[in-house]
Each structure stands twice: as C-alpha cells, then as structure tokens.
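Chemist: Residue-level listing of the chains:
Protein chains: 2
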Amino acid sequence: MWLFLVFVTLVFGALAGLYAWTVYQKLEESQIGHPRVAELSSIIHEGAMAFLKKEYSWLAPFVGVVAVLLIAAPGLGLGSAFAFVLGALCSATAGWIGMYVATNSNGRTTYAALAGMPAEEKKSAKKSVDLDKAADSAEAPTTEAPKSEGILSTAAGNALEVAFSGGSIVGMVVVGLGLIGLAFSYLFLNDVTALTAFGMGASSIALFARVGGGIYTKAADVGADLVGKVEAGIPEDDPRNPAVIADNVGDNVGDIAGMGADLFESYVNSILAAMAIGAVYSFTSDGEALGLWGIGFPLFLAAWGVFSSIVGCMMISQKAPYAGTVRGIVAKLPGMAGVVKRIEDGDAAFALRTGTFVAGGLMIAGTFILSIFFFFSNAFNVFLSVTSGVLAGIIIGIVTEIYTSGDYKFVQNVAASSDTGTATVVLSGLSLGMMSTGIPVLLICLSTLISYYLAGMFGVAVAAVGMLSITGISLSVDAYGPIADNAGGIAEMSELPEGVRKITDHLDAIGNTTAAMGKGLAIGSAALTALALFVAYSQAAHIDKIDIMNPYVIVGLLIGGMLPFIFCSLSIDAVSKAAGFMIEEVRRQFREIPGIMEGKAKPDSNRCVEISTHAALTQMIVPGVMAIAVPVLVGFLLGKEALGGLLGGAIVTGVMMALFMANSGGAWDNAKKYIEEGHFNGKGSPNHAAAVVGDTVGDPFKDTAGPALNILIKLMTVVALVLAPLF
Amino acid sequence: MWLFLVFVTLVFGALAGLYAWTVYQKLEESQIGHPRVAELSSIIHEGAMAFLKKEYSWLAPFVGVVAVLLIAAPGLGLGSAFAFVLGALCSATAGWIGMYVATNSNGRTTYAALAGMPAEEKKSAKKSVDLDKAADSAEAPTTEAPKSEGILSTAAGNALEVAFSGGSIVGMVVVGLGLIGLAFSYLFLNDVTALTAFGMGASSIALFARVGGGIYTKAADVGADLVGKVEAGIPEDDPRNPAVIADNVGDNVGDIAGMGADLFESYVNSILAAMAIGAVYSFTSDGEALGLWGIGFPLFLAAWGVFSSIVGCMMISQKAPYAGTVRGIVAKLPGMAGVVKRIEDGDAAFALRTGTFVAGGLMIAGTFILSIFFFFSNAFNVFLSVTSGVLAGIIIGIVTEIYTSGDYKFVQNVAASSDTGTATVVLSGLSLGMMSTGIPVLLICLSTLISYYLAGMFGVAVAAVGMLSITGISLSVDAYGPIADNAGGIAEMSELPEGVRKITDHLDAIGNTTAAMGKGLAIGSAALTALALFVAYSQAAHIDKIDIMNPYVIVGLLIGGMLPFIFCSLSIDAVSKAAGFMIEEVRRQFREIPGIMEGKAKPDSNRCVEISTHAALTQMIVPGVMAIAVPVLVGFLLGKEALGGLLGGAIVTGVMMALFMANSGGAWDNAKKYIEEGHFNGKGSPNHAAAVVGDTVGDPFKDTAGPALNILIKLMTVVALVLAPLF
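Quick note, the sequences are listed as chains A and B, same order.
Using my numbering, read the first sequence as starting at 1 and increasing by one per residue.
Using my numbering, read the second sequence as starting at 1 and increasing by one per residue.
Check the hints yourself; a few may be wrong.
A pair counts as met if it fits within one copy or between any two copies, since identical chains are not told apart.
Said to hold, decoys possible - Listed next, the in silico SDA-like pairs over lysine to any residue satisfying Cα-Cα at most 25 Å (straight line):
hint: 1; residue 1: Lys409; residue 2: Glu584
hint: 2; residue 1: Lys600; residue 2: Ile369
hint: 3; residue 1: Lys577; residue 2: His679
hint: 4; residue 1: Lys577; residue 2: Val399
hint: 5; residue 1: Lys409; residue 2: Val622
hint: 6; residue 1: Lys341; residue 2: Leu446
hint: 7; residue 1: Lys229; residue 2: Lys502
hint: 8; residue 1: Lys673; residue 2: Phe184
hint: 9; residue 1: Lys602; residue 2: Ile369
hint: 10; residue 1: Lys577; residue 2: Ile369
hint: 11; residue 1: Lys409; residue 2: Thr618
hint: 12; residue 1: Lys409; residue 2: Phe307
hint: 13; residue 1: Lys577; residue 2: Ala689
hint: 14; residue 1: Lys577; residue 2: Phe357
hint: 15; residue 1: Lys577; residue 2: Ile402
hint: 16; residue 1: Lys600; residue 2: Asp238
hint: 17; residue 1: Lys53; residue 2: Asp286
hint: 18; residue 1: Lys26; residue 2: Ala38
hint: 19; residue 1: Lys332; residue 2: Pro321
hint: 20; residue 1: Lys600; residue 2: Arg501
hint: 21; residue 1: Lys502; residue 2: Trp293
No lab work stands behind these hints, which were simulated from the structure alone.
Given the sequences, and given the hints that come with them, work out the whole structure.
Modeler: Have a look at this one:
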C-alpha cells in the first residue's frame, strides 16, 4: 500500500514537471528580435545564475556538515541525512530552474510587448539606434501571432502570455520537485518521522535563500534609487546607473529564487506535518491510528492540487498543451461558457482570476471526494477542516489587501499623514502594521479551533495542506509579477518606447489581487504548519505536556519570543550595511568614471553585482545559523519542554512580527504609489519625499525580515522535530 | 500574628508619609521671589490639577461600575470590591499628591537656581522687566543659604535640593500609600486572594494614567515642537508658543502622575503576588505551606525598603529631618567618612548615586537578616533569590543605558546613519530596539531559573519585590528629573538668564544614570511580577496545567501575543490624532491672533491645555477597556486554560515590545541630542533633521506605548487573578 502512495506522488510530481517542460519548449520557441533587449536579458541571466552558483557553493559545506552531524547523531543516522540532503538539493534545484526560466522570460516579455505594438508606436522610441531595425524584424512574429486562437491578442496580451508562461514553469517546478523529492525520501526511508529531515533541508535552504535574496535585492534597490533617483536625479532603471543591473538581478534573486525556495519549504513542510500527525492520529479516543490513510491523504491532496493547478493554468495560458481541449470541456459546464468566452476575448485580469478560481473549485471538489474515499464516516469532518483553513487563508488575503492597497482608506491615511511630515508617515505605517495583526490572528485562531474540533490536530495539519495544495498556480501568479517587473526594467534600459514600460507596469499590477490571495494562504499556512510541526515535535520527543507554569517552559517561551526580534534586527542591519556599500560604490562611479552621466562611458555594473552578491552571502550567515543553533542549544541545555516553550514563543511573536512587518512595508509602498498617482500634491512634493522615506523603511520589512520570519518559525520547529530523538 | 503584619506595614507606611510631610513643610518655607516664575508655576499647577480632576471624574464611573460588577459576581463580593476601590483610590491619591507637590516644586527650583547665581549673572537677563527686582529680592535667601551645613552651596546645588525634595515626596507618598492601602485591605479582608483586587484597582488607574498621560504629553510636545520650533522657527519653550504651557503641564501629567501611578502599581502588585504565592508555597514537596511567614516576608521586605529609602534620601538631601544625624552615623562606618565628605562638599551627581547605593546596601543587609528570621534553614535560598533578581535588574539598567545613551556606539551608530538619510535613522533605531530585547530577556530568564531553583515560584516573586523594595528612593530620583525639566521650561518662558536654563538642563542630566538603574528594575520586576501573578492566577483558578499542546491554550497564546501589538497601534494612533489637533490649533493661533509673533498679544494657552486634556481622556478609553475586557471575554468564552495561554502570550510579546519600543525611542532621542552636541554636522544640518524625525517617531514609543505595556501585562494578569473564581 505505501508503495502505491509513493507511486501516485511520483506520477503527479512528474506530471507537474512534464507540464513545466512543455511550456518551456513553447517559451523557447519565441525569439528576442531586439539585440539590446537580448543582451540585457542575458546580462541579468548571467548575474542571477552567478549569484545562485556562489550561494550554493557557500551552502554546500553547510549542508555537508549538518548531514555528517545527522549521520553521527544517535537515533538519527543515514536515513535522516539522506532526506535532509535531498530536501536541500530539491529546493536548490527548484530555485535554479526557476531562476533560469525567469531570467529567460524577462527579455522575451519585453520583446513580446514591443513586437505586439502598432508600428507607429514602435517608431516613437526615445533614442535607441537599434530600434527601427528591431521593430522591423519584430513585425514578422507580430503578424504571425495567432490572434483568434490566443486569449490575448494585444501587445499586453502577448507579454502576459510570455510572463505567465515563465511564472507557471516556476510554480510547477516547485510543486513537482516537492512531490518527487517526498516520494523518493518516502520510498527509501518508509518512516514518516525520519522523512521530516527532508523538510529541514528544504527549510534551511529557504531561510538562506530568503534572507540572502532579500539582502541582495534591497541593497541593490536602495543603492540604485537613493543615488540614482534621489541624488543624481535620473529616472528609475536608467542605463547610466551602475546599480540598475544589480537591481534587476536582485528582483530575480529575491522574488524568484527566494520566493520559490520559500514556497517549496511551505508546501513540503505542510505535507510532512500532516503525514507525521496523520500516521498516529485517531478519530476515536481509543481507536486505531489512521496509519497509511493519514499519511496518504495529504499526499493525495497535494497530487490533486497539481492536477487542479494545471487545469487552472490552462485556462489562463494558450501556450499550455491541450489548453484548447480543457477550455472546451470547461465551457460545456453550466454557466462557464460566458466565462471562457470572456477569457478568449482577452480580459487578462479576468483570466488570471478565473484560472485561480477554477483551480480552487476543482481542489475543493477533489478534497470532498478524497475525504470520502479516505475517511468514510469522518469525511465531512476532514473536508470541513480543510475548507475552514482555505477560507481563513483567502479572507486573510483579502484583509491583507485591504490593509495594504491604495484603494482603501488605510493606505490612504498613511499617504494623508505625509501632510504632517515624515515622522507621521512612519508612525502611521507602523501603527497600521501592528493593527493588521488582529484579524488574521483571529482567523488563524478560528480556523485552528474549528479544524481541531472536527478532526483534532490532523484537521489543523490538513487545513494547512489545503491552503497550499494549489501552490502550483498561486506561485505561477506570484512569480509572473517579478518577470513583468524585470521586463519593464529591460525596456527602460533599452530605451524602448514608453508604451512598452506602461504595458509591463500594467501587467505587474494585474496580478496583485490574485497574488494577495496567495500571500494570505502563505501566512495562514505558515501558522498552521508551524503548529502542526510543533505538535509533531511533542509527539516525537514523547512530551506529555508543555506546561507554561513550568519555569523552564516560561524561559523557553521568553527566549523563543525574543528570537524573531533579534532575527529582524539582524536582517534590517544586514540590508542597511549592504545598501551602504552599494551607495558608496554608485557614488564613486558617478564621481570617478568620466562621461558616465552623459551616457558616453559604460558604468561598471559587474562591481555592483559583486557587492550585492558578497553582502548577501556574508550577511545571511548569522541569522541563518542562529535559527538552527539556538533551538538545538536550548534543547540540550534546558531540555525538551523548554524547547517546546521556545517553539511556542517563536511562533507567537514570529506570526505577529511577520504580519506587522509585511503589512507595514506593503502599506508604505502603496502609500508612496498613491501619492505618485497625483494625490496629496503628487510626485516631487514634500509629501512624496516623506512617503519615499516610509517606503525605504518598509523595504527590509516586507522583502527581507517579514517573509523570512514565516520560514524561521517553521525551520526552528522542524529542526526540533528532526532532532527530537536526541533530547 | 496577622494583625502584627498589618501593624508593621501600617507603621512603615506611615513613616514614609511622615517623611514626605516633613520634607513638604521645609519645601513650602521657600518662597518664589520672582512674580513671572510664580505665575507660570501656578498656571502649570492649575492646568495639571485640572487635568487630574477631569481624569478622575472620567475614571470614577468606571471604578464604580467595576466595583458593582465585583459585588454582584459570585465568589467575589463586597471584599473584592472594597479592595479594588481602595486600590484605585490610593493610586489616584498618590498621583494627586505627587502632581500637587511636583507642580509646586518646579517654580521653586527655577527660583533657587536664579537666586543662587552670582549677582552679575543675574543681571544678564534676556529682556525681562521684572528681573532686576526679582534678583534683588532674591538676594536675601541666597545670602542666608547655609553654605557649610548644606551639601549644595551653589546655584545648581540649591536647585537640586529643591527638585530632589519634590521628587522624594512623590516617591515616599507612593510607597507610603501603597503600604497603608495594603495594610487596610489586609486588615478588613484577611484573605490574600481577595486582596489582589487592591492590585487590580491600582493597575486599572495606572494604565489609564500612563496612556492618558502619555497621550497628553506627547500631543503637546509634538504640537509645540513641530509648529513652534520647526515651522515658526522660535526656540523651545518660547512664551509666544500657545502649546508651551500644555507641554509643561504634559511633562507633569506624563512623567509625574503617569509614572507615579505606574510605580504604585508595580510596587503593590509585586508585593501582592509574593503574598499570594507565599501563603501556599512550601520548601519541601510534602511539607507545610509557609502561610503567614510567606505572606509576611514580602511585607517586611517592603517595610525595610521604606526605611532604607529614607536613609538614602537623607544622604542626598539636607532638607530631610535628622539628615545631619544620619550622615554622622554613616560617616563613622569604615570607609564612609570620605564619601560623606564628598557629598557635603557639593558633588551632586555623587550624592544621588551614593544615596541610592546606601539604600541598596541597607536593603540587601536587611533582606539577609529578614530571610534568616523568616526562613531559618532556607534563608540563604530566599536571600539569593532576591539578590539574583536585584542584580538582574541592575544589569538590565546598565544594558539599557548602553543601548540608549549617546556615550556608547549604539546611539552613535544611529546618529551616524543620518549620513544616508532619514530612512536609515529610522531603520537603525528600530533595529537597535529589536536587538536590545536580547540581553534583558536572557537576564530575566536567568534570574527566573535561579530564583526558581532556589525557592520555587516564591523565589521569583520575592525577587521582584526585592527589585522594587527601594522604589521610595528610585522614584525620588526618577521624579526629580521632570521637575528640573519643568523648572527649565519656566526659566525659558520667564526669559531668565541663560545660566538658569543651563543649570536645570544639567540637573536633568545628572539623574539619568541613576534613573536608568530604576528603569531596569522596573522592566525586570514587571516581567517577574507578571510571571508570579500568572502562577498565582493558575493557583486561584485551580488549573493543573496550561499545556501549549492544547489548542485552546495555543489560541489563547496567539490572541494574547496579538494584544500588545493592537495596544501599541491604538496608543500610537491616539498620539498622532491628538498631536494633529494640537498642530492645527497652534497654526490657527499663529495665523489668527494678531501680534502673537511679536510678543504683543498673549497666546491662548488654555485652548491648548483643553485640547490635550480632551484628547488624552477620549483616546485612553479604548486601549484601557480592551485590556480589561479581552481577558474576561476569553476566560468566559474559551475557558480558564485559554485565558492562561492568553496571559502567557501577552507577557511574551508585551515584554519584547516594551523593551523594543522603550529602547528604540530612547536611542533616537539621544541620537538627536548627540547630533545637537555638534557631531555629524550638528544642529540645523540635514543629519539633524533626519534625527528629529527619528526622535518624533520615538516619542510615542518611549513615552506612551512602551511604558504602558509593562502595566498592560500586569493588569491583564491581575484581572484574571481576581476573577479566577468565576472561570
């Protein structure tokens, strides 16, 4: 029976891989007919891959050392080490492929936008010498573009198609490798507890990737903006700015590799936690444990999630194989004919949303059927547990959107506070972030209580799996944003017509609402997964109770509660330090390279890439190692109950700080954009200057410390879980 | 036997009161010989008293309603209601007397500084018409000042003497009323559990006083600074600024009434927690409970602390009765003759430090003797528990000082980050605050583990009592700061010679190091007291275990962990909102009152006082009520274990946020001052502007939200403790 589980998991993992491969083949077919765009794309590609190579070469010894320690540890041994290394390898591979594809899609997206434009628009290029030639050569693919077949016949549509193809490859590779890795670990170990080392490998890489990526991207971003835009007064992504390449590389390093590793970790750990709990959970107080039924259910949920995601992607993208067939089938469903028509007519935002909803709908239906198949009389309990988790995640996403979007009064109030100066912008953003912890935490609590009531801790664990089961499509939507963003950067640096940039900006904006839902699911699932892993730890460590009246547990709680603060402090400092180096370097180049400001001399972009790379790698060490070392130390010194307390404390402050920092950062970002749209005296006003400060404060909040906290709490918990036999 | 405890407590409470009364009589003797100073002092006095009157009239119905609910509650009844009302009354009375004395000392301090100056200095008044007359009439007391008898024969010394007298009255009234109130409650109830309602009364008033006071003072401060200093470019405390009076009133409302109520609450609750635990604690696992020995020990510690504090104050102040006699005795001790000589020679900073150390030394010696008397064979365990707590508190104070003083690299780094702009100042301050949670939390953990190992939870509880036992003198030092600060404000508004302002600024600075120690003790004791109250709650609610593997406890932890964030957000918003009203009003007056900027027309200060008063009162309601209502709700809806989890979560994030916010705020404040001292381009530079933003962000951090959090966690715990019979 367990071999059957392995087989099914492998098949659906392979299916995701196959889908990604097919889309990639189609993507490769399209050519970049503009030499400057192609050149920039390949510079960014090389910078990004060079960073990854270096990052992995730094992480390899770390993985090796931990693997040796695991082999040497009594009660763990080779199996755990194998799973750990495999988890790290799969995560790294997913990051590698994702980055490879994303940096191959950015230039193609730019070119698709350019090529799809009307001829007269193309001629309005700012000053590029290559443009006419480029536009001419571009005409061929444009006219060949299958207007009636594709959902998107406009320039924006072409570009969306390319960018989304890139994003969907990232998404599918992550879930595919996740399932394949899990299947292999399970095949070789056949022990759900040892299997959790796979999650530890994934989490370790994820934390380093998130922190390193976050430092890289923000150092380059701040350096490019502060010296370029503010001091020298040149536009964003101006080719004269030596940090611009690093900035564009950084978008990939942070938002593709970092986010990919992050979601790989979330996905894998939610499944693992549910498997570990499912193996021993029983619906009756004296009854039999679920055993393989409990282990298999999360795997089947995930497998079905892959299928649902693929169908969702096919609704969005014509590049997908059999997209036409699938749409045909969907169109035959009651009420769906109009929906498919609207997608085919080219409503891009609607297509993204529909694709996600179709995947979600399929997922819910599948969950219901799987619940019946696996749990007979308890089917409804399990199904409702999953549903409560998914609903909570979606509402958290909506609440997050309301707190951080310029369309609502919260962000508008932050923008309005720029009337009384910079300090009030900072204060109102901080206050908003703190307040925004309220509803999500209550929703997490509600979902925990409902799931627990219905199906015990197994219910909580599968709720998290449910939230993440359609990671395939939600990561596709998430990852397409940075690709579009990068495409815009390339357009700017290639001095293409302004319309191209407008298209890419528009594309970037379209996915935001859908991405917000994904973010909500990520936050909610992080909390639930951490709780499930925490319970799995207490099972594995044979702890009867973690009583907070016990002073060791109290001490653990306090130390655990402190760690997220220390971690955030280290991350923020790392970004500041790295940004400081970058600022100095850009200032130096502007000062020392003659003719750079007139566009006669080329800036030394490589130096900036090196600085970001070096800073990211050196600065990620301390926070990363701390996250692994402190739980181990506390476990050995103060015992397993204290370690339980530590995990509890870390989850509590970690969840709060993650929500606080992510939402403060998001609100400042959009308050600035809101002012740039012309409100409160608009761009260039003192209001705008105040909002820019808020945005800069928010950068490490939302892109470095905040998202890394979600990984931190799971990494600490999974480390404790893997090492539980030692305490 | 218990009547004997009541008697001793009453006697030492009365002793503190007697001491305060005698010092007050001496203080009253000195006259203010400068009409403008006297006038301003009385305006501030009236504004402050009017605020208190209004605040109490708002709080009275609240106290009444809660009292009625307590009477009606099954298992509580009249006794609890009586203790609750008495606690609220004593806190309010301590606040009232403290404010009364402080606002009567500020003008006297100004005048003492003026009168003590050499005659030629006095003539250098800026432009005051009254000054010559004032200086003449001032000569009489100056020449009469007993040069050889007093420790302080200079102008600064005279002023210090007056300001410290005021401060010591505040300190002694707080501890005196604390002991007297406790004694009466104990006399009438003779039940340590019901007695905790006294602490609930004290905590409720403290939270409202801290939050209301914090809002009041920061609204006035920001309003006065932003429009006066920044927009209109007039100096601080300029009489033309209509918000200046409100600002000076605010210093008293926040730093005297707020801090007094805060320490009253800390003091009383630490004693109550130790009494509740001591009553049932046993040194042997099967032995007899300590009973009255456990109840009496914290009371005796506190009583001895009063005596120690009084001796310490006598070392500092000549106005104290029998000061000469006490000093004579101390001088005869080995090695102390030189110390007394140095004090008598007029080294003010040394005097403050010595007074505190003498009190501390006496306290430690007394603790040792009391431990032997109370606990025979376990004496050393108890003594070391107390000592570990006190040491932890002192080191926390030192660490806090290192993180927030301009003399060390941390604040200097924040100042240095102004080179790269406002955002980096904000980020480095936030990062510093987060990092500063580390060592204090580890020290709290260490002290908890040691005390617990030595004397169980009783050890933890008495460690907190030990930390706060010399509140009498440490609050004296704390409270003298704002009196000196106010004296400076009056000097500025009266347009006295610059030397007077310099003296008061100097005085303000002298007490800082000593005050830092007091702050450390306050933070450490808050954490330990909260833990002790928490354990007392679990005893009172008959909870076996609060197991964080129980989902109700997890949910409680998460909700509890969230509350400090919501509370901080509400507080920050309240300050912003109130400051906004003030800014508009000051702008309006500058615009609409003709001749105001030329000094020809008087500003409407009353309007500003009204605005601050109204804003403080209306905005304190929601955070205050939330702190009481949420634990009650969770207790009723989710049960007593979930409520236990809530308290645990609130303590964890509350301690972290309190440290983070207080230290970030302190660091920004001193980074600004460091730049104003001439570093990093000094005052008026862009660096300075960036630091001012940091300081403004820090204002609600360190003066509103941060300190209120210490009360919040204790209030929630004591509410749970009092209502425990209901759950």
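Chemist: Give a verdict on every hint.
Modeler: Outcome of the hint check:
For the identical chains of this complex, Lys409 and Glu584 are inter-copy neighbours only, at 22 Å across copies versus 38 Å inside a copy, given an alpha-carbon limit of 25 Å. Taking the shortest Cα distances, Lys600 and Ile369 never come within 25 Å of each other, neither inside one copy (66 Å) nor across copies (84 Å). Taking CA atoms no more than 25 Å apart as the test, Lys577 paired with His679 passes between copies only; the shortest distance there is 21 Å, against 33 Å inside one copy. For a Cα distance limit of 25 Å, the shortest separation of Lys577 from Val399 across copies, 24 Å, qualifies, whereas the shortest one inside one copy, 33 Å, does not.
Taking CA atoms no more than 25 Å apart as the test, Lys409 paired with Val622 passes between copies only; the shortest distance there is 21 Å, against 39 Å inside one copy. Taking CA atoms no more than 25 Å apart as the test, Lys341 paired with Leu446 passes in neither setting, with 39 Å inside one copy and 67 Å between copies. In this homomeric assembly, Lys229 and Lys502 come within 25 Å of each other (Cα to Cα) only inside a single copy, at 19 Å, whereas the closest approach across copies is 44 Å. Within a single copy, Lys673 and Phe184 get their C-alpha atoms no closer than 47 Å, and across copies no closer than 62 Å, so neither meets the 25 Å cut-off.
Taking the shortest alpha-carbon separations for Lys602 and Ile369, neither the intra-copy value of 61 Å nor the inter-copy value of 80 Å comes in at or below 25 Å. Taking the shortest Cα distances, Lys577 and Ile369 never come within 25 Å of each other, neither inside one copy (53 Å) nor across copies (54 Å). Taking the shortest Cα distances, Lys409 and Thr618 sit within 25 Å of each other only across copies (23 Å), while inside one copy they are farther apart (41 Å). When the C-alpha separation of Lys409 and Phe307 is checked against a cutoff of 25 Å, the pair qualifies neither within a copy, at 39 Å, nor between copies, at 57 Å.
Taking the closest pair of Cα atoms, Lys577 and Ala689 come within 25 Å of each other both inside a single copy (22 Å) and across two copies (22 Å). In this assembly of identical chains, the alpha carbons of Lys577 and Phe357 never lie at most 25 Å apart, being 43 Å within a copy and 41 Å across copies at closest. Taking identical chains as interchangeable, the C-alpha atoms of Lys577 and Ile402 lie at most 25 Å apart only when they sit on different chains, with a minimum of 22 Å there against 33 Å within one chain. Proximity of Lys600 to Asp238 under the C-alpha cut-off of 25 Å is restricted to the intra-copy arrangement: shortest distance 14 Å within a copy versus 56 Å between copies.
Taking the closest pair of Cα atoms, Lys53 and Asp286 never come within 25 Å of each other, the shortest separation being 53 Å inside a single copy and 64 Å across copies. Taking the shortest Cα distances, Lys26 and Ala38 sit within 25 Å of each other inside one copy (18 Å), while across copies they are farther apart (87 Å). Within a single copy, Lys332 and Pro321 get their C-alpha atoms as close as 19 Å, which meets the 25 Å cut-off; across copies the closest is 98 Å, which misses it. In this assembly of identical chains, the alpha carbons of Lys600 and Arg501 lie at most 25 Å apart only when taken from the same copy (24 Å versus 59 Å across copies).
Neither within a single protomer nor between protomers do Lys502 and Trp293 lie at most 25 Å apart by alpha-carbon distance, with minima of 52 Å and 79 Å respectively.
Comparing the model with each earlier hint shows violations of hints 2, 6, 8, 9, 10, 12, 14, 17 and 21; every other hint is respected.
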